[in-house]
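Number of protein chains: 2
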Amino acid sequence: MSATVDDFVKRNETRFLDELLEFLRIPSISTLPEHRPDIARAAQFVADGLTRAGLENVEVVPTDKHPLVYADWLNAPGKPTVLCYGHYDVQPPDPLDLWKTPPFEPNIRDGNIYARGACDDKGQMYMHVKAMEALRSVHGGKLPVNVRFLVEGEEEVGGESISRYVPLHKQKLKADVALVSDTEMFADCVPTLCIGLRGLIYLEIEARGPARDLHSGVYGGAAPNAVYGLIELLAKAKDADGHIQIPGLTDDVIPPAAAELESWSRLPFSEEEFLRDQVGSSSLTGEPEQSVLERVWARPTFEVHGIAGGFASAGAKTVIPAKAVAKVSVRVVPKQNPEKVVASVRKWVASNTPKGIQTEVRVLSASPAAAVNPDHPAIAVAARVFGEVMGRPTVFTRGGGSIPIVGEFAEHLGIPTVLMGFGLPDDGLHSPNEKYRIANYYAGIRTIARFLEEYGRA
Amino acid sequence: MSATVDDFVKRNETRFLDELLEFLRIPSISTLPEHRPDIARAAQFVADGLTRAGLENVEVVPTDKHPLVYADWLNAPGKPTVLCYGHYDVQPPDPLDLWKTPPFEPNIRDGNIYARGACDDKGQMYMHVKAMEALRSVHGGKLPVNVRFLVEGEEEVGGESISRYVPLHKQKLKADVALVSDTEMFADCVPTLCIGLRGLIYLEIEARGPARDLHSGVYGGAAPNAVYGLIELLAKAKDADGHIQIPGLTDDVIPPAAAELESWSRLPFSEEEFLRDQVGSSSLTGEPEQSVLERVWARPTFEVHGIAGGFASAGAKTVIPAKAVAKVSVRVVPKQNPEKVVASVRKWVASNTPKGIQTEVRVLSASPAAAVNPDHPAIAVAARVFGEVMGRPTVFTRGGGSIPIVGEFAEHLGIPTVLMGFGLPDDGLHSPNEKYRIANYYAGIRTIARFLEEYGRA
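Chains as they are written, first to last, in the numbering used here: chain A, 1 to 458; chain B, 459 to 916.
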């Protein structure tokens, strides 16, 4: 049976590629208002593709911002239901001058498609659509499981609409597992399932000193400086080795199990290459007693993304700033409660605010980490099939970043998510010359189709 | 004779005010390249004003950056020569949204002119020009002393051009004393001569971490953060009580003499009012064992004016910044050598740069502190006249700010400077809603004219 899916994909490669290129030509940049018509076209493109693939109840759902696309096929009684998620919106292409070919005129070079969204996430999302088509053609018009699709157009701008939609449509979205292809393989040709993601708490910490900006000559030595007060506070968040010093912030951190750590140690990872090819600093930093993968996957972080306040343009201005705001994030790991973390940060800020300074903490977003049990039947099937398609064993990794929808599916629908991605570490998501390997596009279609076949049998 | 000067000023108040308002409408912001044409207009405004006041050899002197304006009147043989200095450039007006009326559309409220530069220094500098006009009108077209003017357009950005000009034009600038009105009265209606100023060393400290901005999810925990690295470094500059921790930075500080400290203790100074009416923070800060006046007049400071780098706009962006730059100043007191201080800072930065970060220190300007002997004849005359005009004894203070030119006049021309200012402590120099009291503008013109009359007789 799986040979037949493979055959179907093989016979239709040219058409599948052409359809993706057409999708990639739509500049569906979600953050730029002038691209609203393109967003609408992209949503319709997804809806039309789902209709052609034989999905039912296809619907472009209006929201306060960008539409969702819903579809289902629920004619496999007794079989599990899989909720396929993806997004049709893309990041802005800036800086444009660094693109070798225009971001919305897909170009094929060296077996890759170069275009904004080629990998993130149009190319990966569209694999799901094509997998449905392949399955129906080899299964006499049927699918081996029940399927729902929910595709959004705001992933790159915070995903507010889908966050409101999911809790209000629990019955409509009822499923046994979610399937998301928006991650990457650990390395070229290494089948990878991501089974943990850090959560993200994004904060603004504001400091106020004098009532207005003051002349540093006239008042310097006796007046508090809001920027320096914020610096003094933030510097206390970590010690010189990167250990977070905020009480309570690492309380609920559970180290990865020995088996997981052992599996990470077998991953094709070179600290030296990571430093040289990806980070590019004079040395890596962070908690020395943790391996690099633990630091980025399994440890909370406290990061300052920037400070606004005072004078920072060209030239010299001798001001004692009245106000300063830092953009700060805390990444959290499984078992950490975002609300508890926020409370710990608030308490720490209050008790470490320097003399003469007043501080305020504002929470912009707070989402928990996500963890998937690798022994879940869907994960086990996905690992086996993915390994068979790629010809080597599937590895389990975590991701240091956050995919908030995974946590929302867990919280509101009570389901785990199979994070099965076909991107590569150098695909350049959010960067100029984003690409997606054509072979991975086809392998993804085959893997997803075979996963659903096997999961239907399980 | 002095009554006549007073009469002339009285009769011409409206015109004198209108002329100043016209001057204030020119946004001559020296640090912003887009204001170069305004700088040129402001220089020409000063030159035209000096010509109309009867000065000779009026010259707009081009420099590498912003022009100087020179003029003289040297037809009083046997009389001393006074070098009048001021600056026509202003600070940027940011933050614009805190101005009640636009910074370059002068607005008159409650007897004050509200505008950027109203006090610092256009309003005060222009008093000198108007004093010349008043003197010539009551002295039959003559002045009671020889006079030179040297007005610059880079005071707010380090004054490099005048620093190069003065040592190359010692003969052209030959004078017995300099007169500068760029300081303030200690309190409302208290005639004040400033006899000491702190010097200013303005630095940029740049930190570099990763080769490019990184995703804080993917790399957070193992990659250095340039903004945080800079925060960690800068936080070490002072202890919680404001004591500078940079080795060598307070080595050559000499405490004020007992007599000077005693005179300060008799000044009408209330720490409570200073905090409430001027600083407006929850408490004052700084070295607890020093009085507030010592902290702002006689102690070095380390101040961070702002940081650029990373993400600080509205919303959330999870970036690990590759680069960050802090604007930092060190104020120095008499006897401290700026070069030695810069060397101390460089050494401290190098030995305190966090792991994974590379730093660079750039010196934007460095000028020493200045001290004037209060027994100098010009100071004595100025103190007497100022006291007569204001109707109470003149007090001697220091200033925490820096007027680098005072040290340069001392070094290259061998002359002391009379620092006779008419600003008020709440005039908001460098702040939104900078103002200048109109009555002080007129009193300044009268005082300066009478000072020159009396100094010509001395």
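Simulated from the structure, these hints should not be mistaken for laboratory data.
Idealized CB from N, CA, C, for every residue including glycine.
Be aware that a few hints might be false.
[As the list claims (entries may be wrong)] A few chain B residues that don't get close to chain A, going by computed Cβ distances all over 10 Å:
id, residue
1, T462
2, K468
3, N470
4, R473
5, D496
6, R510
7, F562
8, R622
9, P625
10, A716
11, P726
12, G768
13, S809
14, K813
[To be verified] In silico BS3-like cross-links for lysine-lysine, where the CA-CA straight-line distance does not exceed 30 Å:
id, chain 1, residue 1, chain 2, residue 2
15, A, K335, B, K694
16, A, K236, A, K65
17, B, K694, B, K781
18, A, K236, B, K523
19, A, K347, B, K694
20, B, K793, A, K236
[Said to hold, decoys possible] Label pairs and their in silico Cβ distance ranges:
id, chain 1, residue 1, chain 2, residue 2, range
21, B, A772, A, E13, 42 to 48 Å
22, B, L719, A, K340, 51 to 57 Å
23, A, C189, B, L490, 51 to 57 Å
24, B, G706, A, C189, 56 to 62 Å
25, A, D188, B, K694, 53 to 59 Å
26, B, D884, A, E160, 44 to 50 Å
27, A, P95, B, P495, 57 to 63 Å
28, B, E492, A, G280, 33 to 39 Å
29, A, I108, B, P495, 48 to 54 Å
Now the hints, each set against the structure:
no. : hint                        : in the structure
1   : T462                        : holds, 36 Å
2   : K468                        : holds, 32 Å
3   : N470                        : holds, 32 Å
4   : R473                        : holds, 31 Å
5   : D496                        : holds, 15 Å
6   : R510                        : holds, 32 Å
7   : F562                        : holds, 17 Å
8   : R622                        : holds, 17 Å
9   : P625                        : holds, 22 Å
10  : A716                        : holds, 21 Å
11  : P726                        : holds, 17 Å
12  : G768                        : violated, 3 Å
13  : S809                        : holds, 13 Å
14  : K813                        : violated, 5 Å
15  : A/K335 / B/K694             : violated, 35 Å
16  : A/K236 / A/K65              : violated, 40 Å
17  : B/K694 / B/K781             : holds, 20 Å
18  : A/K236 / B/K523             : violated, 42 Å
19  : A/K347 / B/K694             : holds, 23 Å
20  : B/K793 / A/K236             : violated, 35 Å
21  : B/A772 / A/E13: 42 to 48 Å  : holds, 45 Å
22  : B/L719 / A/K340: 51 to 57 Å : holds, 53 Å
23  : A/C189 / B/L490: 51 to 57 Å : holds, 54 Å
24  : B/G706 / A/C189: 56 to 62 Å : holds, 58 Å
25  : A/D188 / B/K694: 53 to 59 Å : violated, 44 Å
26  : B/D884 / A/E160: 44 to 50 Å : holds, 46 Å
27  : A/P95 / B/P495: 57 to 63 Å  : violated, 31 Å
28  : B/E492 / A/G280: 33 to 39 Å : holds, 34 Å
29  : A/I108 / B/P495: 48 to 54 Å : holds, 51 Å
Of the numbered hints stated above, those contradicted by the structure are hints 12, 14, 15, 16, 18, 20, 25, 27, listed in ascending order.
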